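> As they're listed, the protein sequences go chains H and L.
All the letters of the first sequence, read from the start, carry residue numbers 1 to 764 under the working numbering.
All the letters of the second sequence, read from the start, carry residue numbers 1 to 180 under the working numbering.
Since the hints were derived computationally from the structure, they do not count as laboratory data.
You may find that some hints are simply not true.
[Said to hold, decoys possible] No farther apart than 20 Å at their CA atoms in a straight line, the calculated lysine to aspartate or glutamate pairs in the EDC-like style are these:
| # | chain 1 | residue 1 | chain 2 | residue 2 |
| --- | --- | --- | --- | --- |
| 1 | L | Lys55 | L | Glu90 |
| 2 | H | Lys388 | L | Glu40 |
| 3 | H | Lys705 | L | Glu23 |
| 4 | H | Lys593 | H | Asp354 |
| 5 | H | Lys129 | H | Glu158 |
| 6 | H | Lys129 | H | Asp81 |
| 7 | H | Lys406 | H | Asp727 |
| 8 | H | Lys421 | H | Glu440 |
| 9 | H | Lys299 | H | Glu330 |
| 10 | H | Lys385 | L | Asp71 |
| 11 | L | Lys24 | H | Glu360 |
| 12 | H | Lys299 | H | Asp288 |
| 13 | H | Lys388 | L | Glu23 |
| 14 | H | Lys460 | H | Glu330 |
| 15 | H | Lys406 | L | Glu23 |
| 16 | H | Lys546 | H | Glu524 |
| 17 | L | Lys24 | H | Asp700 |
| 18 | H | Lys121 | H | Asp164 |
| 19 | H | Lys187 | H | Glu97 |
| 20 | H | Lys478 | H | Glu645 |
| 21 | H | Lys361 | H | Glu458 |
[To be verified] Just a few of them, taken from the derived set where beta-carbon distance is under 7 Å, the chain L residues facing chain H:
| # | residue |
| --- | --- |
| 22 | Ala67 |
| 23 | Leu70 |
| 24 | Pro73 |
| 25 | Glu76 |
| 26 | Ser82 |
| 27 | Ala120 |
| 28 | Asn124 |
| 29 | Tyr158 |
Predicted, not measured: the structure shown is a model, and the values here were computed from it.
Ideal placement from N, C-alpha and C gives every residue a C-beta, glycine not left out.
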Amino acid sequence: MPKVVIDGIEIEVPPGTTILNAAQRVGVEIPVFCYHPYLKPAGICRMCLVEVEGMPRLLPACITEVQDGWEIYTNSDRVKDAREWLLEFVLVNHPLECPICDEAGECELQNFVFKFGEPRKRLYDEPFKYPTRYLGPLIVHQMNRCVLCRRCVRFSDEAMGGTDWGVYERGYRTIVGPYERDVFAQKYTFNMEALCPVGAITSNIYRYKTRIWKLDFTNSVCAHCEVGCWLDLGERDGQLLKVLHRRGYPSPWICDKGGYGFEYVNHSERITVPLRREGNRLRGVTTDEALEFVAGRLKGLVESGGKVAALVSPHLTCEDYLLMGSFMKEVVGSDYLDYRLYGGNTYPERPAVDSLEGVEKAEAYLVVGEDLSVHHPVLALSVAKGCKEGRASLYLIVTGDSFLFKFAAEHANPLPGKEEKVLEALASVLGGKDYASLLEGTEVSEDTLKAMAQGLQEKKPLIIGGSRLTPEGRVLLKGVGERLGITPLFLDWGSNSKGAFQMGFWSPGGESVEDILNKCVSGEIKGLFVSSMDLFRDYPNGTLVKEALSNLDFLVVHDMFFTETVAYSDCYLPATSFAEDGGTVVNMFWEAKKRNRAFKPKDESMPLWQVALGLSRKWGRPLGDFGTVEDVTPLVRERLSQVVEAPSTLGGVKAAHLKGDIPALFEYPFYRAGMRTDFCNAFVQLVPEPYVTLNPEYGDELGFKNGDIVIMEVDGNQFRMKLFFRDEVPRGGAIVSRGFSDFPITRALKGLWYRGIELRAAKE
Amino acid sequence: MHLQPDQHSKVLKILQKYPPFREKLHEYLKIIEKYPPSREHMLDMLHDIQDYEPKHYLPREALMAVAEYLDLPLAEVASTVSFYSMFSLEPRGKHIIRVCISPPCQALGGSTILVALKDALNINVGDVTSDGIFTLETTSCLGVCGVAPAMMIDNDVYGNLTEEKIQRIIEEIRRRDAAH
Ligand code: SF4
Ligand code: SF4
Ligand code: FES
Ligand code: FES
């Protein structure tokens with residue numbers, strides 16, 4: 001092992017270690033711009049030059065590997081001089097606008113000039129002025145501040161497989177940014193902003209709001225999906241203003257939902273006091289009165305023989321599920337509770353891998369039934385990583401995948417509703433059975449499937465079953481897994497489905513949400529408690545939701561906003577956001593993570609566990625003596641270690657309803673997926689209204705043009721929407737966006753995400 | 001050269017993907033499909049297309065063809081194209097004049113030459129003459145400092161330039177073109 005001396009400190013390092021890494025080990029600071037621990041070394045900026053005894057020139061520390069016996073100086077006069085020169089050059093065209101720059105305080109240029117620079121400027125010439133580009137609601141790019149480290153470009157290339165982001169021209173005219181887009185929002189944009197060492201890429205959401213040193217940061221866990229990325233929440237005066245991702249774990253990257261999807265927390269339309277219905281009006285009341293009212297009404301219903309059910313969002317904490325579950329089961333005596341409000345009828349299962357590192361190690365992947373980049377974005381990056389580096393092969397059976405297809409060795413893009421048919425065909429190929437008939441009407445070719453089967457047999461794949469799979473689909477996928485000797489990793493909607501399941505927040509009889517809603521319609525269930533989810537937005541059957549809610553005697557909604565579900569309620573209880581309370585969440589690998597409270601709940605807002613506790617007290621059968629969420633956590637921990645058996649759900653879901661001309665998949669656009677994203681202003685600006693997408697060629701055939709206004713007709717209901725052409729849509733099918741609380745798109749659905757639709761041009 | 005079967009299917013796929021640009025793309029793909037689809041051939045492809053274009057430039061469809069053929073984002077091809085001064089994204093004249101502005105030529109009157117050219121052609125650097133015959137550009141050292149000041153028109157180098165000589169060369173080319 002080479003031995004080197006850095007600034008007089010001797011250290012032995014493994015062969016191949018760079019000077020920079022060796023210096024980091026002994027705690028010597030070398031300034032860097034282009035180097036980043038999670039990007040490939042580039043050696044572009046020369047900020048890291050150091051002196052090596054006996055070498056005629058200074059060497060870039062970030063790309064030079066040490067050799068035995070080297071004596072390295074990081075603060076000799078030559079090095080200091082080089083740094084001063086470099087910084088002076090960087091500052092030639094740099095506007096000294098730190099006082100209005102959002103990066104100030106965490107800017108590496110600022111820090112380096114302060115530490116290593118010389119306060120002089122010898123070139124008195126008009127600085128070159130570059131354009132500033134406002135790239136949509138997420139980011140702003142100010143070329144004037146760019147130090148040309150290319151971290152952003154390298155991220156776009158290395159992690160995302162290339163996007164519309166590059167470096168153009170050269171020399172002092174160099175410009176960085178998108179080539180053809182005016183709006184840059186590409187699911188992982190946040191990382192580019194975070195990587196930029198200076199204020200060249202800054203967040204539009206955070207723009208001119210505060211200064212970084214005024215924020216208090218608290219460690220928390222993202223509430224949008226089950227990857228469960230760590231986030232650092234920056235709070236000032238009870239407002240969540242900035243999110244950072246300071247740990248390189250579980251992945252160095254997060255997605256835009258985690259990074260920018262927090263605006264709902266400070267939304268001005270948030271309702272933070274309880275409301276009680278009086279005729280046609282909802283009147284503000286005290287928490288005490290509201291809880292008393294709710295407990296009383298529920299008790300009345302139960303005493304007169306009515307049933308009460310609870311439907312709770314899968315984005316809450318285990319503490320919430322545990323106490324609410326106890327309240328429902330032990331106090332109210334209800335058998336109907338569920339968290340699977342996105343629809344579907346599957347329960348979580350134990351995975352074959354236990355971490356993203358495990359995912360990254362696989363040599364091949366089979367992904368079925370989900371656009372991972374929408375519902376598990378960081379998992380998609382991990383899958384893409386090995387494929388991009390050529391270590392792994394990816395096989396997709398996914399309708400309308402919008403990101404991973406770039407990396408796929410084989411991509412079966414079946415017509416909406418046919419993913420499981422293709423999966424069945426794959427199982428037949430692997431079993432040596434006849435499969436051609438199964439592929440009929442799926443738009444997937446036999447060649448694709450054969451190549452896929454062959455690839456899967458050559459290398460041991462990691463099998464990922466997406467959230468769209470039905471219980472039957474999961475059985476099929478497990479069959480494929482058995483053949484290849486692998487247990488699949490099944491994904492669920494929401495950020496804490498696994499936790500909700502483990503806490504027992506489901507009906508012991510195995511009823512699905514659909515069953516519960518049907519029981520509301522039939523009158524068996526008379527009272528319903530809904531928490532933190534707009535059923536009209538997310539449950540894929542708007543008509544059923546409407547019927548069920550109108551039929552209830554009593555509806556309580558615990559939420560943050562006046563959603564359509566709230567409009568049907570008899571009582572509204574204000575909910576906290578994920579930043580206002582701590583708790584335990586369980587991620588996709590069944591790992592329990594602790595969320596911390598960043599600031600106190602706004603006004604009267606309460607987390608669900610407190611609501612359950614309050615109700616139980618008013619009922620006269622208190623659940624226990626819990627002061628803070630930490631008092632509930634030990635119970636949660638205990639529950640997490642128990643084995644929970646799920647009821648069988650096979651045969652529960654009806655076959656896809658696919659009458660009508662064009663089979664369509666109703667899917668969330670990225671910026672609409674996740675928790676309360678329709679109250680994040682930036683996201684709403686990015687996807688303001690629902691739209692239909694078709695494959696360009698198919699659209700052509702039908703006589704449409706990109707951007708046309710069309711009428712989508714389902715069951716006689718007409719929806720007026722924009723139509724766009726997208727390559728990823730399978731020929732002969734359509735993809736319709738959903739996830740809009742102010743547009744009744746779920747009325748077109750019947751419990752599943754597929755539906756036959758008719759399209760025609762709207763009359764002018 | 002014969003096409004590899006997968007190369008050919010690739011071309012077909014690209015053509016299917018962009019119906020509105022089909023014709024233009026097809027032309028360009030025919031030019032570049034003689035190269036295997038790997039990045040190191042990007043510059044050759046771009047040169048071939050630019051030489052093929054009567055206006056010596058790379059239209060957007062050309063970048064698209066190359067990007068699709070190499071499976072690269074358009075931004076990356078654009079990045080390469082804009083880096084090299086030999087490529088242009090704007091239509092250019094039939095003949096491209098490149099005047100050397102490096103120090104040795106400058107020392108021997110390079111700037112007067114540039115002014116003389118601007119006057120003779122009645123355009124600025126980067127522009128095309130109204131008849132579409134000449135584009136005026138500047139360049140770094142052409143490697144013929146011995147005959148400074150120097151310029152290049154298309155592939156020919158002209159040295160020891162004076163204002164009269166420039167007039168003569170320009171007229172000469174105009175005459176030659178007219179004769180054709
Ligand atoms: S925009 Fe930022 S990250 Fe990108 S090259 Fe410039 S300084 Fe580096
Ligand atoms: S939405 Fe999922 S992938 Fe994105 S930051 Fe949150 S936990 Fe991570
Ligand atoms: S950090 Fe070493 S060259 Fe940029
Ligand atoms: S400086 Fe003009 S040719 Fe060298």
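> With reference to the structure, classify each hint as holding or not holding.
Quick rundown of the hints versus the structure:
Restraint check for lysine 55 of chain L and glutamate 90 of chain L: the C-alpha separation of about 9 Å stays at or below 20 Å, so the hint holds. Distance restraint check for lysine 388 of chain H and glutamate 40 of chain L: the Cα-Cα separation of roughly 18 Å lies within the 20 Å cut-off, and the hinted pair is therefore satisfied. A threshold of 20 Å between alpha carbons decides the hint, and for lysine 705 of chain H with glutamate 23 of chain L the separation of about 19 Å falls inside it, so the pair holds. Only pairs whose Cα atoms come within 20 Å are accepted, and lysine 593 of chain H paired with aspartate 354 of chain H is accepted, the gap being roughly 14 Å.
The suggested pairing of lysine 129 of chain H with glutamate 158 of chain H is violated, with an alpha-carbon distance near 30 Å, which exceeds 20 Å. For the hint linking lysine 129 of chain H to aspartate 81 of chain H, the alpha-carbon distance of about 28 Å lies beyond 20 Å, and the restraint is violated. A distance of roughly 12 Å separates the Cα atoms of lysine 406 of chain H and aspartate 727 of chain H; the hinted pair therefore holds under the 20 Å criterion. About 9 Å separates the Cα atoms of lysine 421 of chain H and glutamate 440 of chain H, which keeps this hinted pair within 20 Å; it holds.
Proposed proximity of lysine 299 of chain H and glutamate 330 of chain H is supported: the alpha carbons are some 13 Å apart, at most 20 Å. Our distance criterion of 20 Å between C-alpha atoms is met by lysine 385 of chain H and aspartate 71 of chain L, whose separation comes to about 17 Å. This hinted pair does not check out: lysine 24 of chain L and glutamate 360 of chain H have alpha carbons roughly 41 Å apart, beyond 20 Å. With a C-alpha separation of about 16 Å, the suggested pairing of lysine 299 of chain H with aspartate 288 of chain H holds against the 20 Å cut-off.
At most 20 Å may separate the alpha-carbon atoms for a hinted pair to count; lysine 388 of chain H and glutamate 23 of chain L exceed this at roughly 32 Å. Restraint check for lysine 460 of chain H and glutamate 330 of chain H: not satisfied, since their Cα atoms lie roughly 47 Å apart, outside the 20 Å limit. Restraint check for lysine 406 of chain H and glutamate 23 of chain L: the C-alpha separation of about 25 Å exceeds 20 Å, so the hint is violated. Between the alpha carbons of lysine 546 of chain H and glutamate 524 of chain H the distance comes to roughly 16 Å, so the proposed pair stays at or under 20 Å and holds.
Taking the CA atoms of lysine 24 of chain L and aspartate 700 of chain H, the gap is about 19 Å. The hint holds against a cut of 20 Å. Taking the CA atoms of lysine 121 of chain H and aspartate 164 of chain H, the gap is about 36 Å. The hint is violated against a cut of 20 Å. Taking the CA atoms of lysine 187 of chain H and glutamate 97 of chain H, the gap is near 30 Å; set against the 20 Å cutoff, the hint is violated. For the suggested pair lysine 478 of chain H and glutamate 645 of chain H, the alpha carbons sit about 17 Å apart, so the restraint of at most 20 Å is met.
Only pairs whose Cα atoms come within 20 Å are accepted, and lysine 361 of chain H paired with glutamate 458 of chain H is accepted, the gap being roughly 16 Å. With a cut of 7 Å, the hint placing alanine 67 of chain L at the interface with chain H is violated, because the nearest CB-to-CB distance is about 9 Å. About 11 Å separates the beta-carbon of leucine 70 of chain L from the nearest beta-carbon of chain H, more than 7 Å, and the hint is not met. Taking 7 Å as the C-beta cut-off, the interface hint given for proline 73 of chain L holds, the closest approach to chain H being about 4 Å.
Of the supplied interface hints, the one on glutamate 76 of chain L holds, with its beta-carbon coming within about 6 Å of a beta-carbon of chain H, less than 7 Å. Checking serine 82 of chain L against chain H by beta carbon gives a least distance of about 4 Å; that is within 7 Å, so the hint holds. Checking alanine 120 of chain L against chain H by beta carbon gives a least distance of about 28 Å; that is not within 7 Å, so the hint is violated. Proximity of asparagine 124 of chain L to chain H is violated relative to the hint, the smallest CB-CB distance being about 17 Å (cut-off 7 Å).
The interface hint given for tyrosine 158 of chain L is violated, since its Cβ lies 27 Å from the closest Cβ of chain H, which is over the 7 Å cut-off.
Checked against the numbered hints above, the structure breaks hints 5, 6, 11, 13, 14, 15, 18, 19, 22, 23, 27, 28 and 29 and satisfies the rest.
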